[in-house]
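Colleague: Below are the chains, spelled out letter by letter.
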Amino acid sequence: MSLIFGYTRNIVRGLLTPLESVVRNKSLYWMLVQRDLLNRTSGTVLGKVWPFVQPAMQILGYWFLFGVIFSMRSIDRGPDYLSYLLTGMLPWLCAAEILSRSTVMFREFAPLYRRNPFPLEILPLLIMTIPCLVYGAVYFVMNLFLGGLDKALFSLVVMPLFILWLMPLTLLFAVLGLFVRDFTQAIPFLLMMILFLTPILYFPTMLPEGVRQVIWINPFSDLMAIVHGLVEGSEYTWLNVVRPFAIWLLLLGPAWLIFRRSIPHIREVL
Amino acid sequence: MDTAMDTAMKETAISMQGISKYYKFYEKEIDRAKEIFTGKPFYQKIEALKETSLDVSKGEVLGVIGQNGAGKSTLLKVLSRTLLPSTGEIEINGRVAALLELGASFHPEMTGKENVYLSGAIQGLNTKDIDRIYGEVIDFADIGDFINRPVKTYSSGMFVRLAFAIATHIDPEILIIDEALSVGDGAFSRKSFDRIMDFKDAGKTILFCSHSMYQVEVLCDRVVWLENGSIRKMGNPVEVITEYTELLRMAAPKEESIASTNQLEKENFQNELDEKKVKNIPSIRKVQVSADGVLGKVHKINSEKSNLEVSVIFDVGEGVPLASVAVAISRGDGRIITSAGSVNDGVALTTNDSGQGVAKILFPKLPLLRGNYFLDVALLCEKGIHLYENVRQAAEFNVEQKGLERGIVKLPHEWLD
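Sequences listed follow chains Y and W, in order.
Numbering-wise (the working numbering), the first sequence opens with residue 1 and increments by one.
Numbering-wise (the working numbering), the second sequence opens with residue 1 and increments by one.
Derived Cβ-Cβ restraints for the label pairs, each shown as a range: (1) E136/W to F189/Y: 47 to 57 Å; (2) E246/W to L270/Y: 32 to 42 Å; (3) N126/W to N39/Y: 19 to 29 Å; (4) Q34/Y to G69/W: 35 to 45 Å.
Honestly, the hints are just simulated from the structure, not real lab data.
Keep in mind the model is a prediction, meaning the values are calculated, not measured.
All C-beta atoms in this analysis are idealised placements derived from N, C-alpha and C, irrespective of residue type, glycine included.
The whole structure should be built from the sequences, with the hints applied where relevant.
Modeller: Quick look at the structure:
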């Protein structure tokens with residue numbers, strides 16, 4: 001009974017503590033968000049346009065390869081390939097950026113907290129903020145053009161949903177990135193494999209029957225089904241919702257516990 | 001009862017009960033990750049602070065002394081909340097400003113102004129609080145239009161001026177100082193020293209960690225001596241410092257011990273000095289040393305016969321309070337035999353219209369015994385704490401004696417029936 005109570009407490013704390021800390025330190029949080037944006041654009045000619053241009057260029061590259069050269073077409077569904085690619089790819093790019101950055105998060109912000117009392121628990125939300133805002137804005141505008149206001153409004157839910165789901169992974173990746181250096185080296189390969197094993201660049205129906213069931217082991221496949229359902233109105237099942245939610249519940253408690261345990265070690269390592 | 005306890009707590013700035021801090025040593029780096037993920041210990045303890053309890057009253061200036069590795073830095077970091085204690089409880093009543101690593105949170109791409117707001121926010125101030133102190137910060141830092149330029153374009157002097165201005169304008173109730181009583185160069189060095197003294201005069205709580213026993217003795221109301229992570233002794237500065245310096249002399253091989261402890265003070269002193277070679281601050285223009293009326297750098301002294309006269313010609317900058325002068329006679333190993341200072345002797349120095357002054361001191365019938373000695377001269381602030389400039393080995397004496405006395409000085413004495 002106490003085990004369940006402790007587990008539940010860690011889930012609640014894992015979700016609420018970073019949020020409470022952001023509210024308590026809102027001045028600091030907002031300044032760091034601005035600093036983060038400045039970091040990305042400092043010294044460039046295009047300045048604040050770059051965060052928006054980068055995802056657009058990446059998508060253009062994928063579309064050129066798969067849409068133009070490989071001439072991907074849907075076999076049994078309505079939307080054309082470019083629309084399908086954009087709907088899944090932008091949330092994925094956002095997630096990939098957050099996960100990748102979480103592995104170097106503690107090192108990147110070390111000058112801020114090494115000699116100062118600093119609320120470390122705001123860092124996971126901090127590194128999520130700019131990608132969420134930038135990709136969210138691009139996503140909204142894109143859906144406004146592709147499908148009108150209804151579709152655009154639905155798309156507003158997607159990035160916050162993704163971020164919420166990524167919370168335990170961000171906490172775990174941050175700890176792994178600092179204390180297991182090999183993990184940082186492996187992360188580009190890991191992210192590439194997740195991309196290939198998730199129906200983002202291809203339609204699920206393009207896979208052979210036998211393989212089609214296997215991709216649902218990957219929770220990102222479920223998330224993509226939900227995203228396409230919300231934005232494009234395609235079908236998704238209750239299993240697509242239950243599976244990632246169960247994984248999220250299973251991971252968040254332990255992830256928060258591990259994150260908390262790592263805090264006294266962080267300044268010592270750095 | 002509760003009211004009495006509340007009153008006691010209100011009077012206490014810092015209360016530490018049973019604070020320990022141990023660093024964890026892992027044979028392999030992966031062991032740390034194993035511990036975090038499994039919750040099982042994989043480390044060996046290295047204790048930096050052991051079960052330390054300490055109360056610091058509001059308005060108290062507490063000196064922290066001890067040899068390297070005694071736990072001083074760990075104590076300061078725990079109190080400034082950059083390190084979490086392993087065990088024990090700390091209660092801190094009031095905002096803490098730690099002058100430990102100034103400008104550590106500065107972002108090079110952000111302007112000085114943006115960094116003022118960022119640093120303030122890290123210290124727990126909201127935007128309105130920072131708006132309120134912003135004008136005072138830029139006035140104090142005095143870096144002109146650079147405040148709107150990225151910090152990466154600052155000179156090291158400007159950087160530290162802005163960082164010091166922020167750290168000391170967040171209205172701290174508790175100030176933590178590690179070694180340096182002043183920062184920056186030129187006039188700012190004096191300005192920053194005055195700022196710290198203002199905190200003392202305003203009754204703020206100060207924790208001052210230093211190897212300079214002189215400064216600790218002059219400034220502190222109480223001294224805590226740390227040894228191997230524990231409090232060895234705590235109390236009156238004179239008593240604690242006397243016992244500490246005596247132990248340093250006894251603990252290691254004689255000459256080496258004296259040389260090493262003095263060497264450290266010398267290095268700290270020299271580091272400060274190196275930053276002061278600038279214009280427009282009080283400086284020593286000339287030191288003249290004469291023995292029996294003969295001027296020179298190296299003197300032959302007859303014990304108990306020769307008269308030694310030292311003249312220090314100095315310049316005081318405009319708008320700077322009158323300076324004070326101190327001289328010290330030391331052995332080649334750095335051990336000071338004796339010293340004299342104008343503040344301590346209650347002598348007020350004067351200057352002419354162009355801000356130049358002369359301090360003269362006479363040592364009649366120098367009672368030093370056979371050996372080589374050196375004269376050091378220092379120009380200090382009017383309180384005799386802040387060092388403007390010093391001249392090491394301004395003169396050398398070769399003392400000769402006729403008698404067979406041993407030692408370094410002949411004390412007045414008489415044989416009784």
